[in-house]
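Engineer: Assemble the whole structure, with the sequences as input and the hints as a guide.
What follows is each chain in one-letter form.
There are 2 protein chains.
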Amino acid sequence: MKALQVGLIGFGTVGRGTWDVLRRNEEEITRRAGRPIRITWVATRTLDRAREGLRGIDGVNLTNDPQVITRHADIDIVCELIGGVEAARAVVMDAIAHKKHVVTANKALLAHHGTEIFAAAHAQGVMVGFEAAVAGGVPIIKALREGLTANRIEWIAGIINGTSNFILSEMRARGATFDTVLKEAQARGYAEADPTFDVEGIDAAHKLTIMSAIAFGVPMQFGKAYAEGISRLHQEDIVYAEELGYRIKLLGITRRAQDGIELRVHPTLIPAKRLIANVEGAMNAVLVKGDAVGPTLYYGAGAGAEPTASAVIADLVDVTRMHTADPEHRVPHLAFQPDQMSDVPFLPMGEVETSYYLRMRVDDRPGVLADIARILADREISIDAMIQKEPSEGEYQTDIILLTHRSIERQLVDAIDKIEALPTVRNKVVRIRMEALN
Amino acid sequence: MKALQVGLIGFGTVGRGTWDVLRRNEEEITRRAGRPIRITWVATRTLDRAREGLRGIDGVNLTNDPQVITRHADIDIVCELIGGVEAARAVVMDAIAHKKHVVTANKALLAHHGTEIFAAAHAQGVMVGFEAAVAGGVPIIKALREGLTANRIEWIAGIINGTSNFILSEMRARGATFDTVLKEAQARGYAEADPTFDVEGIDAAHKLTIMSAIAFGVPMQFGKAYAEGISRLHQEDIVYAEELGYRIKLLGITRRAQDGIELRVHPTLIPAKRLIANVEGAMNAVLVKGDAVGPTLYYGAGAGAEPTASAVIADLVDVTRMHTADPEHRVPHLAFQPDQMSDVPFLPMGEVETSYYLRMRVDDRPGVLADIARILADREISIDAMIQKEPSEGEYQTDIILLTHRSIERQLVDAIDKIEALPTVRNKVVRIRMEALN
Numbered sequence: 010m011k012a013l014q015v016g017l018i019g020f021g022t023v024g025r026g027t028w029d030v031l032r033r034n035e036e037e038i039t040r041r042a043g044r045p046i047r048i049t050w051v052a053t054r055t056l057d058r059a060r061e062g063l064r065g066i067d068g069v070n071l072t073n074d075p076q077v078i079t080r081h082a083d084i085d086i087v088c089e090l091i092g093g094v095e096a097a098r099a100v101v102m103d104a105i106a107h108k109k110h111v112v113t114a115n116k117a118l119l120a121h122h123g124t125e126i127f128a129a130a131h132a133q134g135v136m137v138g139f140e141a142a143v144a145g146g147v148p149i150i151k152a153l154r155e156g157l158t159a160n161r162i163e164w165i166a167g168i169i170n171g172t173s174n175f176i177l178s179e180m181r182a183r184g185a186t187f188d189t190v191l192k193e194a195q196a197r198g199y200a201e202a203d204p205t206f207d208v209e210g211i212d213a214a215h216k217l218t219i220m221s222a223i224a225f226g227v228p229m230q231f232g233k234a235y236a237e238g239i240s241r242l243h244q245e246d247i248v249y250a251e252e253l254g255y256r257i258k259l260l261g262i263t264r265r266a267q268d269g270i271e272l273r274v275h276p277t278l279i280p281a282k283r284l285i286a287n288v289e290g291a292m293n294a295v296l297v298k299g300d301a302v303g304p305t306l307y308y309g310a311g312a313g314a315e316p317t318a319s320a321v322i323a324d325l326v327d328v329t330r331m332h333t334a335d336p337e338h339r340v341p342h343l344a345f346q347p348d349q350m351s352d353v354p355f356l357p358m359g360e361v362e363t364s365y366y367l368r369m370r371v372d373d374r375p376g377v378l379a380d381i382a383r384i385l386a387d388r389e390i391s392i393d394a395m396i397q398k399e400p401s402e403g404e405y406q407t408d409i410i411l412l413t414h415r416s417i418e419r420q421l422v423d424a425i426d427k428i429e430a431l432p433t434v435r436n437k438v439v440r441i442r443m444e445a446l447n
Numbered sequence: 010m011k012a013l014q015v016g017l018i019g020f021g022t023v024g025r026g027t028w029d030v031l032r033r034n035e036e037e038i039t040r041r042a043g044r045p046i047r048i049t050w051v052a053t054r055t056l057d058r059a060r061e062g063l064r065g066i067d068g069v070n071l072t073n074d075p076q077v078i079t080r081h082a083d084i085d086i087v088c089e090l091i092g093g094v095e096a097a098r099a100v101v102m103d104a105i106a107h108k109k110h111v112v113t114a115n116k117a118l119l120a121h122h123g124t125e126i127f128a129a130a131h132a133q134g135v136m137v138g139f140e141a142a143v144a145g146g147v148p149i150i151k152a153l154r155e156g157l158t159a160n161r162i163e164w165i166a167g168i169i170n171g172t173s174n175f176i177l178s179e180m181r182a183r184g185a186t187f188d189t190v191l192k193e194a195q196a197r198g199y200a201e202a203d204p205t206f207d208v209e210g211i212d213a214a215h216k217l218t219i220m221s222a223i224a225f226g227v228p229m230q231f232g233k234a235y236a237e238g239i240s241r242l243h244q245e246d247i248v249y250a251e252e253l254g255y256r257i258k259l260l261g262i263t264r265r266a267q268d269g270i271e272l273r274v275h276p277t278l279i280p281a282k283r284l285i286a287n288v289e290g291a292m293n294a295v296l297v298k299g300d301a302v303g304p305t306l307y308y309g310a311g312a313g314a315e316p317t318a319s320a321v322i323a324d325l326v327d328v329t330r331m332h333t334a335d336p337e338h339r340v341p342h343l344a345f346q347p348d349q350m351s352d353v354p355f356l357p358m359g360e361v362e363t364s365y366y367l368r369m370r371v372d373d374r375p376g377v378l379a380d381i382a383r384i385l386a387d388r389e390i391s392i393d394a395m396i397q398k399e400p401s402e403g404e405y406q407t408d409i410i411l412l413t414h415r416s417i418e419r420q421l422v423d424a425i426d427k428i429e430a431l432p433t434v435r436n437k438v439v440r441i442r443m444e445a446l447n
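Taken in order, these protein sequences are the chains called A and B.
Counting in this note's numbering, the first sequence runs without a single skipped number right up to 447 at its last residue.
Counting in this note's numbering, the second sequence runs without a single skipped number right up to 447 at its last residue.
Treat the hints as calculated values from the structure; they're not laboratory data.
Just so you know, even glycine gets a beta-carbon here, dropped at the ideal spot from N, CA and C.
There's no promise every hint is true.
Said to hold, decoys possible - Facing chain A, from chain B, some residues (calculated, C-beta under 10 Å):
id	residue
1	T22
2	G26
3	N34
4	M292
5	V302
6	M350
Structural biologist: Shown next, in the form of structure tokens:
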């Protein structure tokens with residue numbers, strides 16, 4: 010049967026991985042897809058290096074102009090693997106305009122322009138695959154979009170940034186500071202020279218935006234996401250959390266609440282006995298709570314050449330299997346049919362309800378705790394657990410660590426303002442959110 | 010758009026769960042599927058009870074004759090939820106003969122008759138969905154068949170029997186014996202009155218047979234599966250394993266080895282730090298190793314009314330989305346195209362290579378360990394770790410616990426025969442297999 014022809018745009022880590030896996034497993038992939046899938050065109054800015062890498066291989070053409078591929082009559086599927094937002098958007102929109110199916114690993118692109126891209130694809134009758142955009146090789150998009158279709162999704166909580174999870178794992182295992190571990194991660198190539206996207210939660214917020222849309226049938230609204238990273242996490246809070254039976258993870262959480270949808274990325278205390286609390290190193294894991302199935306968890310490598318290629322190629326096979334079928338039979342891009350999206354709002358962070366870990370440095374004298382407890386009680390914030398350390402020899406200050414029950418963030422922020430205004434409280438209150446995930 | 014009409018055959022736990030979830034989430038499911046899915050017929054042997062349960066509900070018809078449904082002109086999809094093998098086979102084959110799509114949760118049926126059923130479905134151009142047959146609500150069939158299509162699957166290791174995992178979790182947590190925990194599990198409805206299928210590994214072998222076929226593109230061959238259960242596991246081996254840094258789980262393992270495919274269910278030591286070693290209670294988890302993606306893990310409820318219904322309905326939505334598309338566009342039942350199945354053999358258990366935990370009761374005198382070590386060395390079985398306990402006060406015997414490196418099962422069985430023949434060895438050698446899962 011005639012091969013499906015793929016044009017790769019971008020030949021960096023993921024592009025090269027896709028090329029390698031597709032060739033190595035060609036026989037099995039063809040047996041699954043029903044027809045061969047061939048990369049016949051590659052576009053790259055570094056033509057010389059690509060020429061070197063592809064030396065001696067027949068049937069593949071090179072160009073440095075993406076439009077040669079997006080407009081080529083023989084190309085069935087365009088793989089956008091250049092990353093970034095604006096150039097990638099131009100490539101994807103041009104491919105769709107020329108009735109090519111698209112496969113992309115680009116979470117930033119979709120979080121910002123997904124609505125426009127899926128509308129254009131729908132109008133042109135082509136498919137856009139993006140399994141690789143969330144959690145790398147873990148087929149979480151497919152699970153949400155097809156595996157859990159029976160469920161009203163209640164919430165999703167994911168470790169979806171491998172760099173951050175690697176740093177947090179090392180901080181906990183070795184008692185090292187954020188700065189130390191980040192430098193090592195950069196030296197070993199686990200973190201970028203500018204790590205902002207990873208450690209400040211922006212990359213995770215991109216991925217969370219995509220999952221939220223699929224879970225709840227809402228348009229992608231990255232602008233509504235709250236993102237707080239791990240760069241200001243103190244080693245001692247990891248230790249206190251451990252004492253209390255918790256681990257700190259950078260979680261992306263999206264939840265269907267009474268009045269809207271929560272969409273938030275932040276360091277989070279979770280009970281140490283939960284499976285997801287034990288996901289270590291650069292691995293990803295997504296915990297999904299459905300009303301019928303209960304909690305399910307999906308775990309695997311969230312980045313890297315071949316894990317990402319695994320997801321890119323899964324999309325290529327899906328497109329191949331459906332290529333000539335009429336559009337009404339295809340799985341909808343965002344799980345729900347395009348005319349069935351909901352306009353339920355995303356909640357501002359102040360309206361979110363969660364539990365909190367609070368650490369404060371206080372004078373060691375009578376009445377301090379009573380003042381703090383009154384401020385919390387006045388705002389209906391109740392205390393779940395507490396550690397108060399004995400002051401060290403010769404010191405007159407000590408740490409109080411409080412865990413609260415579920416409270417409204419706005420109330421909690423107000424309480425912290427009042428606590429910090431007490432003359433007996435000596436520092437800014439450290440506040441980390443906490444989720445039971447049960 | 011016209012509703013897809015479903016006939017439920019069987020209205021027990023899963024049938025009732027499917028009914029409940031489909032009604033409760035009707036609005037969201039329709040938004041995903043693109044058209045309504047309605048149960049219009051229910052067949053059950055207990056008509057009175059079903060009538061009571063469905064009182065006041067319009068548009069559903071009851072019968073005690075499955076053929077009324079399998080041959081009804083208006084029915085699009087037949088859901089077989091009666092369980093068992095022969096009666097279920099008759100229902101499914103009759104439905105296929107009358108060009109109905111089929112959704113089933115029946116692992117025993119597929120493990121025994123899958124080849125025949127999928128061939129008939131292929132000939133008639135209908136789909137057979139069976140997501141619910143393995144790991145309940147966890148979409149592991151979809152992950153293997155669609156999510157990981159890029160990969161050469163190297164092995165799968167799964168906790169795929171909730172009853173056994175519940176018993177093992179309780180034995181470890183409370184130091185209780187198998188018999189004690191089983192009786193409690195039966196009292197609480199977690200285990201059947203006759204628990205053989207669950208605790209002897211047969212149910213797990215059914216599920217493993219199905220996963221193996223999908224992973225490796227081979228026909229289902231339940232007869233080639235090795236099944237060993239947990240009923241003869243001693244509490245003390247769980248404790249010794251723990252001391253050595255391992256947990257004991259009933260794993261279904263299928264692996265692509267040099268000369269064929271391994272297909273085996275048995276209690277297995279796995280490193281305690283692996284995520285899958287921390288799956289507790291009645292939950293299921295499947296760890297899949299692909300050559301590109303590396304290890305991925307899928308976790309969730311493996312049984313129960315609504316988790317199983319979640320998978321049944323996911324299949325209903327898949328069938329609905331594809332219903333009128335021509336068959337060539339559908340995902341192949343067993344992941345590989347039907348004319349692309351492989352005839353690679355399954356390996357007999359004697360040819361399987363794995364590591365072992367051995368416990369033996371020996372006289373506490375010089376030379377005993379040397380004799381045992383020589384027997385192992387002569388068969389190229391090398392020792393990875395050992396515990397030798399001091400004898401208790403006034404005793405002249407002690408336990409030796411050995412962990413071996415990877416060895417051929419046939420050699421190991423021969424070594425155990427020779428060890429048991431030593432006059433200084435006082436009991437049958439306890440042998441539990443061990444997997445690093447890395």
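Engineer: Now tell me if each hint is right for this structure.
Structural biologist: Here is what the structure says about each hint:
1. Because the closest C-beta pair between T22 (chain B) and chain A is about 13 Å apart, greater than 10 Å, the hint is violated.
2. A least Cβ separation of about 8 Å between G26 (chain B) and chain A falls short of the 10 Å threshold, and the interface hint therefore holds.
3. The restraint placing N34 (chain B) at the interface with chain A holds, with a minimum CB-CB distance near 5 Å, inside the 10 Å limit.
4. At its closest, the beta carbon of M292 (chain B) sits 9 Å from a beta carbon of chain A; the interface hint therefore holds under the 10 Å criterion.
5. For V302 (chain B), the shortest C-beta to C-beta distance to chain A is roughly 4 Å, which falls under 10 Å, so the interface hint holds.
6. Hint status for M350 (chain B) relative to chain A: holds, with the closest Cβ pair at about 9 Å, below 10 Å.
In the structure shown, a violation is registered for the earlier hint numbered 1 alone.
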